[in-house]
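Student: What follows is each chain in one-letter form.
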Amino acid sequence: MTDMPISTAPKRSLFAADARTVRRNRAERRFRAYGMAAVGVGILALIVLLVSILGNGLSSFRQTYVSFPIELTAERVDPDGNRDPGEMARVTTFGYLPLLATAFEAHLDAEGIETDMGVRELAAMLSEEAPAQIRGMVLANPDLVGQTIDAQILMGGRIDGFFKGRVTMESAERDRNVTPAQLELAQILADRGAVETRFNWDFITAPDASGSRPEAAGLGVAIIGSFYMMLVVLVLALPIGVAASIYLEEFAPKNRLTDLIEVNISNLAAVPSIVFGILGLAVFINFMEFNQSSPLVGGLVLTLMTLPTIIIATRASLRAVPPSIRQAALGLGASKTQSIFHHVLPLAAPGILTGTIIGLAQALGETAPLLLIGMVAFVREYPDLMSVHSNSFPLMGDGATALPVQVYSWTQRSDPAFVERASGAIIVLLVFLLCMNLIAILLRRRFERRW
Amino acid sequence: MLWILITLLALGALGFVLGRQRAVASAGGDARILHSLPVYYGTNVTLLTLVPALLVLGVWLMAQPIVIDRVISAQLPDSYVAEAASRDLLMTEIRRLADGIDTAVERGAFNGRHALDLSVGDDIRQQLADAGVALGADVSPEVLQAAQSFREMSGAGRTWMTVAVFALAVAGLAYAYLRTNKDLRARNRVEYMILGVLMLASTLAILTTVGIVLSMLWDTRNFFQLYPWQDFFFGLEWRPSFEGNSELGLIPLLWGTLYISFIALLVAVPIGLFAAIFMAEYATKRVRSVAKPLIEVLAGIPTIVYGLFALITVGPMLRDYFAAPLGLGNSSSSVMTAGIVMGIMLIPFVSSLSDDIINAVPQSLRDGSYGLGATQSETVKQVVLPAALPGIVGAVLLAASRAIGETMIVVLGAGAAARLDLNPFEAMTTVTVKIVGQLTGDTDFSSPEALVAFALGLTLFVITLGLNIFALYIVRKYREQYE
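First to last, the protein sequences are chains A and B. Each residue of the first sequence is one higher than the one before, counting from 1 in my numbering. Each residue of the second sequence is one higher than the one before, counting from 1001 in my numbering.
Since the hints were made in silico from the structure, they are not lab data. Heads up, the beta-carbon is just placed ideally off N, CA and C, and yes, glycines get one too. Mixed in with the good hints, there may be bad ones.
Partial list, computed: chain B residues near chain A (C-beta under 7 Å) [what the hints assert, rightly or not]:
{"id": "1", "residue": "1278"}
{"id": "2", "residue": "1439"}
{"id": "3", "residue": "1457"}
I would like the entire structure built from these sequences, with the hints used as guidance.
Tutor: Dropping the structure here:
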C-alpha cells in the first residue's frame, strides 16, 4: 500500500462555506440573474413596443369636430336651381369653401366671440376635407338646398393635434400651418362646447387622403385590399399546401426528387420576403402582364410566401395522426386514397386550419414584397366593389393598397400627424392579427386530439 | 371568362350524374356488382371532362398574349419603331389603346361597328376620354392599325379558345361516358388522377425556386450587359443617377447590411441565449408557461411594426440621449437604431430554437455533472452548452440570415445614404433598402439603375440561401447525434 499524501489544505468548517464555495455560489446566482434579466429584457422590449405604438396611435381613433349652422344657399350649391344631383355635381369643393368660411365667421359673430382673424385664416382652422363632406351630404340629399343645417365639421390636423396635446402654443409659433391665435380661438370654442372630440369611425372606413389633410385619412380601402389578398391566399394556398403535404407525407417514394422538394420547401420558408417581391415583379407583372398593384398579384406573391408555412404545419399534423388509424382503414378494405381522405385528413384538419390561420396572419403583416409590386400608390377613391371589369380594383385591377403598406406610405409623408395615423393603422393591424391568433388557439384547444 | 368556367362546371356536374346513372344501369341497378362505388364512376366522368379542358384553358390564357405580342411586334414597320422610344413602350401604347377601345365598347360608348371604323382623323383620344378611358398620348395611324389588329387577333383567339375548350370538355365527357360500364376500374382511375394533382401541387415549391432564380438571373444578365460586373461587385461607391453614369457598387450596401446585422446579433444572441438557458434550466413550469409565449409574441409581430417603432421611438431616443451628447451625429435613423430594433425582433428566433436544442441534451449528461459536484451554472456552461453548441450555432446562423434579408426595419430605421463608415450612429443603407428604392416608383426596366435591383436580389438570395443550407445542415447533423 502506497502512502496517501496527507492533505495540506487548511482545516475547514462544515458550517461556514469556504471562499471558493462562496465564489461558486455567487457565480451561480449571477448566472441565474443574467437569465432572468434576459427574459425580462425580452418582455420589457415587448411592453415598450406596445406602449409606444398604443401611446402614439390610440388618439387617431378620436377626432375633433366643430359644430355650427351652415346655410346652404341655393345660388351657391345649385346655380341651375333644378335640384338635379347630376347638375349640382358641377359645383366643385372650391364652390363650397366660401360657404363654410362665411358660415363659420357668422357663427363666431353670433356667439359674440371677438377675433381679428380674416375669413381665410378662420377657414384654415377647418379641414380641407370639410367642403367635400358638405358637398357629399348635399349631393346625397338635394332637399337640403336652401336649408340651414347644423353640421359637425372636421377640424384641421393642427387644431386636432392641439386638443390631443400634440400641438402646443410654443410649437404653433414655429409652425407655418397654424398660428397661436387660431389655437386660442379653438380653445374658446371648446370652452363653449362647440368643439367635440369623439370616436372616429371614419378612420376605419374612409379612404386615404392627401398629404395635407391627415385628419381625413382612413383605412377603408387598405382594409378592403388586405381582405381581397387574404381571400386569394386562402383560396390558393390552403388547397395547394394541403395537396402538396399529403403527397409528400403519405405517397411520396423516398427518392432524389422528393428529397429535393423537401430541402426546397424548408429553404423557401427562410428566403427573405423581399425576394418574393422581386419574383412577383418579374413573373407576374413584367412577364405575365397582370396589372400592377392588383390584389391578385399581391395575393399570388403572398401565396408563394405562405405555402411553406402551411405545408410544414400540415405535414406536422398529418404525422401526428397515429398509423393505427390508417391501418384500421386499410384493414377494412379502404384504398390508400380513401384511408387518407376519409380518415387521416379529417383528423388532421384542426392542425391544418391552425397552421393556415398562422400563415395568413404572417401574410397579412407582410409589407416588403407588396412595395415591389407597386402597392404604394395613393388610393383616394373607394373601389366599385361590384365592378366586373378587369381594370378596376376588386381583384384584377390596379390601385389597391394593403394595411401594412398604408402604414409605410403614411410614414413617408411629412406632416407629423401621419405618425399618429400610422400608429393607429398598426393598432388596427395588430387587432386583426390578435383575432386570427386567438381563433387559431381556440381551434387548437377545442379540436386538437392527443393520441 | 366567368361564364366559360360556369358552363364547364355545369358540364362536369352533368357528367357526374350521367356517369353514375350509366354505371348503375349497366349493373342492373345492383351497386354490389359494380367494380367501384357508384360515386367513382361519376367522378371519373367529371374529372375527364374538366381536367383537360381547364389545362388547355390555363395554357391558352397564358400563351395567347405572348403570341399576339410577338406577331404584332413583328408587324410594326421598323422605321416607325426607330422613331419611337422603344418597341416595348410602343407595345404598351398599342395594348392600352386596344384595351381602351374594348372598355369603351363594353361601357356602351362605342358600338362594335364604330369601334372598327375608327380612324386617326376622329380624335380617338377625345372620344375615349368621353367614354371614361384616359390615354397617355395622341394616337398615330401605325399604332391605331396595330391596335385594331391586336383587337382582332385577341377576339379571334378568344373565340378559338372557347371552341377548343368546349370541344375538349364535351369529347372528354363523351369518351368517359361511353367507357363507363360495371367492369370499369373507376376508383383506380380517379385515384390516379388525384395522385397526379397532389404531385403537381408538391412540385410548385420547386417551380417557385426555379422562378425566383430564373427571373433574377435573367435580369441580372441584362444588368451585367449594361454595367460591368467588376464595378458592381467591387465598386466602393453607390451613386445612382437617372441621367446615366451611375456608380453602382455593392460594397457600401453590403457593409451596411453586415454592420446592422452584426449589431442585431450582438443584441439578440446574448439575450436570446440567456433567455433560452433560463427557461430550459431554471424556470419553473409556471414562469415558463407565461414567459415563453410572451417572448414568442415578438416573433409574430409584423416587421412594419418594428420599423415604425424604430422610426418614432428608438431612433429619436438614441439621437437625443446618445448620439447628440457624444457628438457622434444627429441623425435619428442609424445603424444602431436599425440594429437594436432588429435585435429585439430576433430574440425569439434565437431563444426558441436554442431552447429546443438545450432541451434535447440528454438529462444523463446533466446528472453526471451534478454527481461530480458541479453547480447548475457550471453544468450549463461546461456540459450543456458545449453539447448544444452546433445547434446553437445553427440557430444563430438562421437569425443572421433573417437579419440580412430583413427589409422594413432598415427601410424605416437605417436611412438611405450608402456609406462606408464605422460610426454606428451614422445613417447607412442596406441591400434590401436599395432594392426597394430602385424598384418603387416609375421604373424603366431597361436602365441599369432599375436592373441593378435584380443583381442585388440575387446576391441577397445567394447569401441567405447559403446561410440557411449551412445552418440546416449543422442543426440536422447535431440532432442525429442524440437520437
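Student: Does each hint fit the structure? Answer for all of them.
Tutor: Hint check results:
Evaluation of the residue 1278 (chain B) hint against chain A yields a held restraint, the C-beta minimum of about 3 Å falling below 7 Å. Interface hint at residue 1439 (chain B): satisfied, since its Cβ lies 5 Å from the closest Cβ of chain A, which is below the 7 Å cut-off. Taking 7 Å as the C-beta contact cut-off toward chain A, the hint placing residue 1457 (chain B) at the interface holds, the least distance being around 4 Å.
Violated hints are absent here; each numbered hint is respected by the structure.
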